[in-house]
Amino acid sequence: MPRLVSALLAAGLLAVVPASAQSILDTTDGRYQMQPVEGGIARLDTQTGAVDLCRVDGDAMVCTGSSDAQRGDAGRIADLEARVAALEGGKPAVDDVDAADQAIKTMRQVFRGFADIVRELERDLGSAPDGAKGEAEPDRT
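Just so you know, the sequence shown maps onto residues -21 to -1, 1 to 120 in mature numbering (1 follows the signal peptide of the UniProt record, and there is no 0).
Hints are computed from structural coordinates only; laboratory data are not their basis.
Think of the CB as a built atom: it goes at the ideal place given N, C-alpha and C, for glycine as much as any other residue.
Possibly wrong hints are sitting among the right ones.
Label-pair distances were calculated between CB atoms; the ranges are [to be verified]:
1) A82 to Y11: 57 to 63 angstroms
2) T25 to A78: 51 to 57 angstroms
3) G54 to P15: 29 to 35 angstroms
All chains, full assembly: derive it from the sequences and hints.
Structure follows, in structure tokens:
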């Protein structure tokens, strides 16, 4: 009789283990969702969308990322590193003092040209026909 009770108890425990393992795979409250697939278990990271293939190795579960995702990340990192290197090694905005002096000289010429235009307009208004003075008359309604 004790053997029968022990055998039934062992059989009951063995039946509970697969049921609990299935419930662990079906939980959706955590960060990862797992689904059995051919060759192992697919693990979906619900925060990043990354899918990893996992396999049981002894007492541990070993997961490897998608090779496409790893290549994509490596390529993106390489691109960003190249951009940083280009920005850090690039020329300064103003090469030297001569370039700054040339920019100031050009701006002076532009402002002088604008001032000349204003003087010409004032002169034209000052010599308006019909005895008009250089002042504009207010609008009358």
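Verification of the supplied hints:
1. A82 to Y11: 57 to 63 angstroms: holds, 58 angstroms
2. T25 to A78: 51 to 57 angstroms: Given range 51 to 57 angstroms: holds, Cβ gap about 54 angstroms.
3. G54 to P15: 29 to 35 angstroms: Once the Cβ atoms are compared, 31 angstroms apart, the range 29 to 35 angstroms for P15 and G54 holds.
When the structure is compared with the earlier hints, no violation turns up for any of them.
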